[in-house]
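Peer 1: Taken in order, these protein sequences are the chains called A and B.
Per UniProt numbering, residue 1 is the first one in the first sequence, and the count goes up by one each step.
Per UniProt numbering, residue 1 is the first one in the second sequence, and the count goes up by one each step.
Treat the hints loosely; a few may be bogus.
The list that follows gives simulated cross-link-like pairs (lysine-lysine, DSS-like), each with its CA atoms no further than 25 Å apart [as the list claims (entries may be wrong)]:
id: 1; chain 1: A; residue 1: LYS107; chain 2: B; residue 2: LYS42
id: 2; chain 1: B; residue 1: LYS116; chain 2: A; residue 2: LYS24
id: 3; chain 1: B; residue 1: LYS107; chain 2: A; residue 2: LYS42
id: 4; chain 1: B; residue 1: LYS236; chain 2: A; residue 2: LYS166
id: 5; chain 1: B; residue 1: LYS145; chain 2: A; residue 2: LYS195
id: 6; chain 1: A; residue 1: LYS8; chain 2: A; residue 2: LYS417
id: 7; chain 1: A; residue 1: LYS336; chain 2: B; residue 2: LYS336
id: 8; chain 1: B; residue 1: LYS166; chain 2: A; residue 2: LYS236
id: 9; chain 1: A; residue 1: LYS77; chain 2: B; residue 2: LYS77
id: 10; chain 1: B; residue 1: LYS409; chain 2: A; residue 2: LYS336
id: 11; chain 1: A; residue 1: LYS387; chain 2: A; residue 2: LYS416
id: 12; chain 1: A; residue 1: LYS336; chain 2: B; residue 2: LYS242
id: 13; chain 1: A; residue 1: LYS336; chain 2: B; residue 2: LYS387
id: 14; chain 1: B; residue 1: LYS195; chain 2: B; residue 2: LYS166
id: 15; chain 1: B; residue 1: LYS409; chain 2: A; residue 2: LYS42
id: 16; chain 1: A; residue 1: LYS195; chain 2: B; residue 2: LYS336
id: 17; chain 1: B; residue 1: LYS387; chain 2: B; residue 2: LYS455
id: 18; chain 1: B; residue 1: LYS195; chain 2: A; residue 2: LYS145
id: 19; chain 1: B; residue 1: LYS42; chain 2: B; residue 2: LYS417
id: 20; chain 1: B; residue 1: LYS17; chain 2: A; residue 2: LYS107
id: 21; chain 1: A; residue 1: LYS336; chain 2: B; residue 2: LYS417
id: 22; chain 1: B; residue 1: LYS107; chain 2: A; residue 2: LYS116
id: 23; chain 1: A; residue 1: LYS107; chain 2: B; residue 2: LYS24
id: 24; chain 1: B; residue 1: LYS166; chain 2: A; residue 2: LYS195
id: 25; chain 1: A; residue 1: LYS398; chain 2: A; residue 2: LYS409
id: 26; chain 1: A; residue 1: LYS24; chain 2: B; residue 2: LYS107
id: 27; chain 1: B; residue 1: LYS336; chain 2: A; residue 2: LYS416
id: 28; chain 1: B; residue 1: LYS195; chain 2: A; residue 2: LYS166
id: 29; chain 1: A; residue 1: LYS77; chain 2: B; residue 2: LYS42
id: 30; chain 1: A; residue 1: LYS24; chain 2: B; residue 2: LYS398
id: 31; chain 1: A; residue 1: LYS17; chain 2: B; residue 2: LYS107
id: 32; chain 1: B; residue 1: LYS166; chain 2: A; residue 2: LYS166
id: 33; chain 1: B; residue 1: LYS379; chain 2: B; residue 2: LYS398
id: 34; chain 1: A; residue 1: LYS417; chain 2: B; residue 2: LYS336
id: 35; chain 1: B; residue 1: LYS409; chain 2: A; residue 2: LYS409
id: 36; chain 1: A; residue 1: LYS116; chain 2: A; residue 2: LYS409
id: 37; chain 1: A; residue 1: LYS216; chain 2: A; residue 2: LYS236
id: 38; chain 1: B; residue 1: LYS398; chain 2: B; residue 2: LYS455
These are calculated hints, taken from the structure and not from any lab test.
None of the values given here were measured: they were computed from a predicted structure.
Protein chains: 2
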Amino acid sequence: MSSVREVKVATEIPGPKSRAEAEKLGAFFDNRAFYFIADYDKSSGNYIVDVDGNQYLDVYSQIASIPVGYNNPTLIKAAQSPELISALVNRPALGNFPSSQWHDVLKNGLLRVAPKGLDQIFTAQSGSEANELAYKAAMMLYRRKQRGEGVEWTEEEIASCLDNAKPGSPDLAILSFANSFHGRGFGSLSTTRSKAVHKLDIPSFNWPQAPFPALKYPLDEYKAENAAEEKRCLEKVEELIKTWQFPVAGLIVEPIQSEGGDNHASAAFFQGLRDITQKHNVTMIVDEVQTGFGATGKFWGHEHWNLTSPPDIVTFSKKANTAGYFFGNPQLVPDKAYRQFNTWIGDPARVVMAKAVVEEILSKDLCNQTARVGAALYKEMERLAEKYPQLVQNLRGKDRGTYIAFDTKDSAALVKKMKTLGVNIGTCGVRTVRLRPMLVFEEAHIPYLIESLDKALGSA
Amino acid sequence: MSSVREVKVATEIPGPKSRAEAEKLGAFFDNRAFYFIADYDKSSGNYIVDVDGNQYLDVYSQIASIPVGYNNPTLIKAAQSPELISALVNRPALGNFPSSQWHDVLKNGLLRVAPKGLDQIFTAQSGSEANELAYKAAMMLYRRKQRGEGVEWTEEEIASCLDNAKPGSPDLAILSFANSFHGRGFGSLSTTRSKAVHKLDIPSFNWPQAPFPALKYPLDEYKAENAAEEKRCLEKVEELIKTWQFPVAGLIVEPIQSEGGDNHASAAFFQGLRDITQKHNVTMIVDEVQTGFGATGKFWGHEHWNLTSPPDIVTFSKKANTAGYFFGNPQLVPDKAYRQFNTWIGDPARVVMAKAVVEEILSKDLCNQTARVGAALYKEMERLAEKYPQLVQNLRGKDRGTYIAFDTKDSAALVKKMKTLGVNIGTCGVRTVRLRPMLVFEEAHIPYLIESLDKALGSA
Numbered sequence: 001m002s003s004v005r006e007v008k009v010a011t012e013i014p015g016p017k018s019r020a021e022a023e024k025l026g027a028f029f030d031n032r033a034f035y036f037i038a039d040y041d042k043s044s045g046n047y048i049v050d051v052d053g054n055q056y057l058d059v060y061s062q063i064a065s066i067p068v069g070y071n072n073p074t075l076i077k078a079a080q081s082p083e084l085i086s087a088l089v090n091r092p093a094l095g096n097f098p099s100s101q102w103h104d105v106l107k108n109g110l111l112r113v114a115p116k117g118l119d120q121i122f123t124a125q126s127g128s129e130a131n132e133l134a135y136k137a138a139m140m141l142y143r144r145k146q147r148g149e150g151v152e153w154t155e156e157e158i159a160s161c162l163d164n165a166k167p168g169s170p171d172l173a174i175l176s177f178a179n180s181f182h183g184r185g186f187g188s189l190s191t192t193r194s195k196a197v198h199k200l201d202i203p204s205f206n207w208p209q210a211p212f213p214a215l216k217y218p219l220d221e222y223k224a225e226n227a228a229e230e231k232r233c234l235e236k237v238e239e240l241i242k243t244w245q246f247p248v249a250g251l252i253v254e255p256i257q258s259e260g261g262d263n264h265a266s267a268a269f270f271q272g273l274r275d276i277t278q279k280h281n282v283t284m285i286v287d288e289v290q291t292g293f294g295a296t297g298k299f300w301g302h303e304h305w306n307l308t309s310p311p312d313i314v315t316f317s318k319k320a321n322t323a324g325y326f327f328g329n330p331q332l333v334p335d336k337a338y339r340q341f342n343t344w345i346g347d348p349a350r351v352v353m354a355k356a357v358v359e360e361i362l363s364k365d366l367c368n369q370t371a372r373v374g375a376a377l378y379k380e381m382e383r384l385a386e387k388y389p390q391l392v393q394n395l396r397g398k399d400r401g402t403y404i405a406f407d408t409k410d411s412a413a414l415v416k417k418m419k420t421l422g423v424n425i426g427t428c429g430v431r432t433v434r435l436r437p438m439l440v441f442e443e444a445h446i447p448y449l450i451e452s453l454d455k456a457l458g459s460a
Numbered sequence: 001m002s003s004v005r006e007v008k009v010a011t012e013i014p015g016p017k018s019r020a021e022a023e024k025l026g027a028f029f030d031n032r033a034f035y036f037i038a039d040y041d042k043s044s045g046n047y048i049v050d051v052d053g054n055q056y057l058d059v060y061s062q063i064a065s066i067p068v069g070y071n072n073p074t075l076i077k078a079a080q081s082p083e084l085i086s087a088l089v090n091r092p093a094l095g096n097f098p099s100s101q102w103h104d105v106l107k108n109g110l111l112r113v114a115p116k117g118l119d120q121i122f123t124a125q126s127g128s129e130a131n132e133l134a135y136k137a138a139m140m141l142y143r144r145k146q147r148g149e150g151v152e153w154t155e156e157e158i159a160s161c162l163d164n165a166k167p168g169s170p171d172l173a174i175l176s177f178a179n180s181f182h183g184r185g186f187g188s189l190s191t192t193r194s195k196a197v198h199k200l201d202i203p204s205f206n207w208p209q210a211p212f213p214a215l216k217y218p219l220d221e222y223k224a225e226n227a228a229e230e231k232r233c234l235e236k237v238e239e240l241i242k243t244w245q246f247p248v249a250g251l252i253v254e255p256i257q258s259e260g261g262d263n264h265a266s267a268a269f270f271q272g273l274r275d276i277t278q279k280h281n282v283t284m285i286v287d288e289v290q291t292g293f294g295a296t297g298k299f300w301g302h303e304h305w306n307l308t309s310p311p312d313i314v315t316f317s318k319k320a321n322t323a324g325y326f327f328g329n330p331q332l333v334p335d336k337a338y339r340q341f342n343t344w345i346g347d348p349a350r351v352v353m354a355k356a357v358v359e360e361i362l363s364k365d366l367c368n369q370t371a372r373v374g375a376a377l378y379k380e381m382e383r384l385a386e387k388y389p390q391l392v393q394n395l396r397g398k399d400r401g402t403y404i405a406f407d408t409k410d411s412a413a414l415v416k417k418m419k420t421l422g423v424n425i426g427t428c429g430v431r432t433v434r435l436r437p438m439l440v441f442e443e444a445h446i447p448y449l450i451e452s453l454d455k456a457l458g459s460a
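Whenever a hint applies, use it, and build me the whole structure from the sequences.
Peer 2: See the structure below:
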């Protein structure tokens with residue numbers, strides 16, 4: 001059976017049924033960000049269907065979250081499995097009363113894809129939570145080293161932390177980059193620097209932000225400029241670590257800044273970050289919430305860097321169908337139980353689903369497929385960039401699977417137009433269109449996407 | 001069929017199989033807080049079974065999280081439903097592409113039990129996240145009122161917030177109480193004041209904590225003292241709101257401080273908090289993460305207060321099988337879309353499960369059952385308190401369903417002993433034993449619990 005289906009656009013978008021249902025929903029649930037009301041029962045593979053009967057080729061994938069296609073049979077089978085039903089019905093406090101299946105669910109699922117050098121896992125429920133758990137691990141490690149291995153907490157530390165005061169509640173920072181997005185909790189939001197709509201009115205920690213390289217495209221033409229730009233940013237990172245008012249315990253970075261506009265940097269830049277963090281004893285956290293699980297053509301985005309030593313922590317979510325972090329340094333396990341703990345410690349139902357996602361990706365070799373399809377898609381995008389030099393600028397994502405993006409004049413108008421042509425596609429940053437097809441996106445889906453983009457750009 | 005099963009204790013606890021499996025798990029997952037490895041397939045109703053074949057009467061319920069019994073048939077049916085399978089497999093970005101079922105899932109589920117006066121919902125994944133979303137809503141409302149309705153954000157606000165600086169990132173506080181527990185994110189942890197193990201080494205916001213009434217028991221004997229103590233605490237709350245270095249946007253309080261030691265206060269105290277928060281335009285957030293969903297004999301713990309006007313926000317999690325917050329004040333909806341937003345906005349699979357939990361509680365009248373059974377249980381506990389005046393002190397939870405607790409000399413030793421007698425029971429605070437049976441706990445389960453407590457106390 002071909003995986004290609006016809007797109008259908010029978011109504012304006014959102015259509016009358018979508019609008020009516022969204023209005024009903026609005027009686028008790030914020031509906032202001034809805035695009036259309038989806039009919040997931042009719043959606044399949046790369047295609048999403050709405051309640052008006054419109055069928056779209058989906059290269060947005062629930063904000064880069066659907067890994068292996070709507071109604072994927074392997075995932076449906078997992079959803080019907082006894083272990084999953086039990087995890088839903090008997091939701092355990094995983095730290096206190098793990099199930100007899102929990103070891104195998106992790107071992108045969110997420111652990112199979114643990115990044116090289118990182119063999120410990122802590123399960124969570126969102127990318128935001130995973131990042132905050134990572135920050136806390138970095139901070140506890142920093143203080144433990146400062147205190148001295150095996151040195152007990154003082155009475156003063158114990159008493160002062162309950163009052164949110166020093167020394168128990170120390171000033172410790174996590175460094176992040178301009179235009180980064182790491183979540184919306186109070187800690188993760190303090191490292192998010194992408195848009196005011198995320199941050200305005202919310203108190204934040206006084207943590208430093210470094211500039212992220214603003215590369216010029218095409219990369220081949222601006223080698224020297226880009227190398228200088230990356231050097232400048234690395235120097236600023238080191239300066240901030242050395243001069244910030246209080247210690248920097250961790251640094252967090254996305255392999256590709258996604259929400260902030262699909263900003264890339266070279267492998268050398270990330271190696272530079274690894275060197276600086278090691279030199280200054282800063283925990284290096286790689287936020288793979290969006291880049292993880294294959295879309296760059298490798299399972300993890302940071303595999304493209306060939307680092308001399310692995311990062312300390314890698315966080316994941318989105319396409320994993322669950323969230324959490326991997327870590328390798330055993331010192332990142334806190335010195336006492338219950339320091340890194342909560343009632344649920346993630347959701348075993350979602351971790352069972354993650355196992356099925358992993359199975360599907362590995363057994364169908366979907367990372368390599370994405371690398372191959374992405375290369376073909378990138379070539380087509382290059383053609384469009386030549387044809388519309390004013391409307392397709394700074395094309396990026398070469399050798400990064402289907403993780404492709406470009407800048408345009410009015411990204412919101414373009415993706416709106418694309419919906420009327422039956423392609424669900426998203427934006428990021430200020431004027432960027434990002435492609436986030438699923439890992440089951442094939443060569444056969446490229447023509448319709450490109451023809452539609454051609455049409456939309458031609459009428460812009 | 002009787003809901004009473006025999007407890008069996010065939011091995012030491014944890015037994016050899018539990019220890020072996022925990023050790024295996026420890027290769028990649030922190031196992032230091034485990035009590036035993038559970039066999040959820042064999043667990044049923046009020047009874048949990050471990051891999052060594054031990055069967056316990058469970059009055060801890062996964063840290064107060066199992067609502068209606070292990071392997072509850074209504075929940076199993078929900079777990080097998082097509083809408084649940086779809087929610088697992090096609091995990092949507094609920095803000096952008098809600099499903100055609102989403103309206104009905106909420107309307108026929110969580111909305112049926114929305115606290116009086118609160119008819120809006122925001123779905124989340126953990127109690128910690130729900131509380132932080134509530135804080136953010138309170139803060140955005142505070143700044144909106146300060147800014148003036150309809151007044152646009154300034155360029156300075158927009159630019160400064162990305163730098164974590166004022167005025168975009170303002171100093172705004174959430175007031176909480178000594179000994180409270182509200183979660184472990186950086187914002188929620190800043191309001192948690194229960195134990196150093198939760199907070200040490202983690203930076204926190206400079207937010208105020210008020211004393212929570214330290215009532216003397218039995219309440220009847222200390223009426224005057226307790227009223228004076230509550231008055232003192234209320235005065236301190238108002239003083240902190242009036243004199244804190246920066247504005248207090250919200251106040252959060254648990255109906256019964258659970259993790260912090262099962263600390264109660266009177267309805268009059270909470271009415272006092274409502275009066276103070278209204279007087280000073282402070283958003284009142286009631287954290288019902290542990291008290292919600294029936295265990296106090298009413299659906300919501302705050303229903304016991306008969307407030308003159310509802311709280312502004314009520315958060316929930318645990319027994320709901322999911323998490324989120326209810327709110328009534330329409331101003332708590334931010335002025336723009338995407339301010340309160342994230343990729344998933346909770347988990348629809350878990351919200352479908354919550355619908356089944358709600359159905360089960362309402363159709364079986366489990367709140368009233370819990371009130372009735374709780375009253376009988378409390379009487380038996382009074383008997384034990386008389387028999388062991390040194391070991392069962394400050395008995396609390398009268399007229400609060402099965403939400404019963406007492407102080408003892410060595411709470412850890414007592415619950416350990418109870419496990420060897422086949423009762424899974426938990427502690428809180430410093431020297432408190434808390435009862436957290438499920439809502440399916442019946443009169444028939446009381447004798448074994450009381451006999452075991454009698455035995456354990458008698459041998460202490």
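Peer 1: All the hints need checking, so say for each whether the structure fits it.
Peer 2: How the hints compare with the structure:
no.	hint	verdict
1	LYS107(A) to LYS42(B)	23 Å, holds
2	LYS116(B) to LYS24(A)	21 Å, holds
3	LYS107(B) to LYS42(A)	23 Å, holds
4	LYS236(B) to LYS166(A)	23 Å, holds
5	LYS145(B) to LYS195(A)	22 Å, holds
6	LYS8(A) to LYS417(A)	14 Å, holds
7	LYS336(A) to LYS336(B)	43 Å, violated
8	LYS166(B) to LYS236(A)	23 Å, holds
9	LYS77(A) to LYS77(B)	17 Å, holds
10	LYS409(B) to LYS336(A)	24 Å, holds
11	LYS387(A) to LYS416(A)	21 Å, holds
12	LYS336(A) to LYS242(B)	39 Å, violated
13	LYS336(A) to LYS387(B)	37 Å, violated
14	LYS195(B) to LYS166(B)	31 Å, violated
15	LYS409(B) to LYS42(A)	61 Å, violated
16	LYS195(A) to LYS336(B)	13 Å, holds
17	LYS387(B) to LYS455(B)	12 Å, holds
18	LYS195(B) to LYS145(A)	22 Å, holds
19	LYS42(B) to LYS417(B)	23 Å, holds
20	LYS17(B) to LYS107(A)	18 Å, holds
21	LYS336(A) to LYS417(B)	23 Å, holds
22	LYS107(B) to LYS116(A)	46 Å, violated
23	LYS107(A) to LYS24(B)	10 Å, holds
24	LYS166(B) to LYS195(A)	16 Å, holds
25	LYS398(A) to LYS409(A)	22 Å, holds
26	LYS24(A) to LYS107(B)	10 Å, holds
27	LYS336(B) to LYS416(A)	20 Å, holds
28	LYS195(B) to LYS166(A)	16 Å, holds
29	LYS77(A) to LYS42(B)	23 Å, holds
30	LYS24(A) to LYS398(B)	42 Å, violated
31	LYS17(A) to LYS107(B)	18 Å, holds
32	LYS166(B) to LYS166(A)	23 Å, holds
33	LYS379(B) to LYS398(B)	9 Å, holds
34	LYS417(A) to LYS336(B)	23 Å, holds
35	LYS409(B) to LYS409(A)	71 Å, violated
36	LYS116(A) to LYS409(A)	41 Å, violated
37	LYS216(A) to LYS236(A)	19 Å, holds
38	LYS398(B) to LYS455(B)	23 Å, holds
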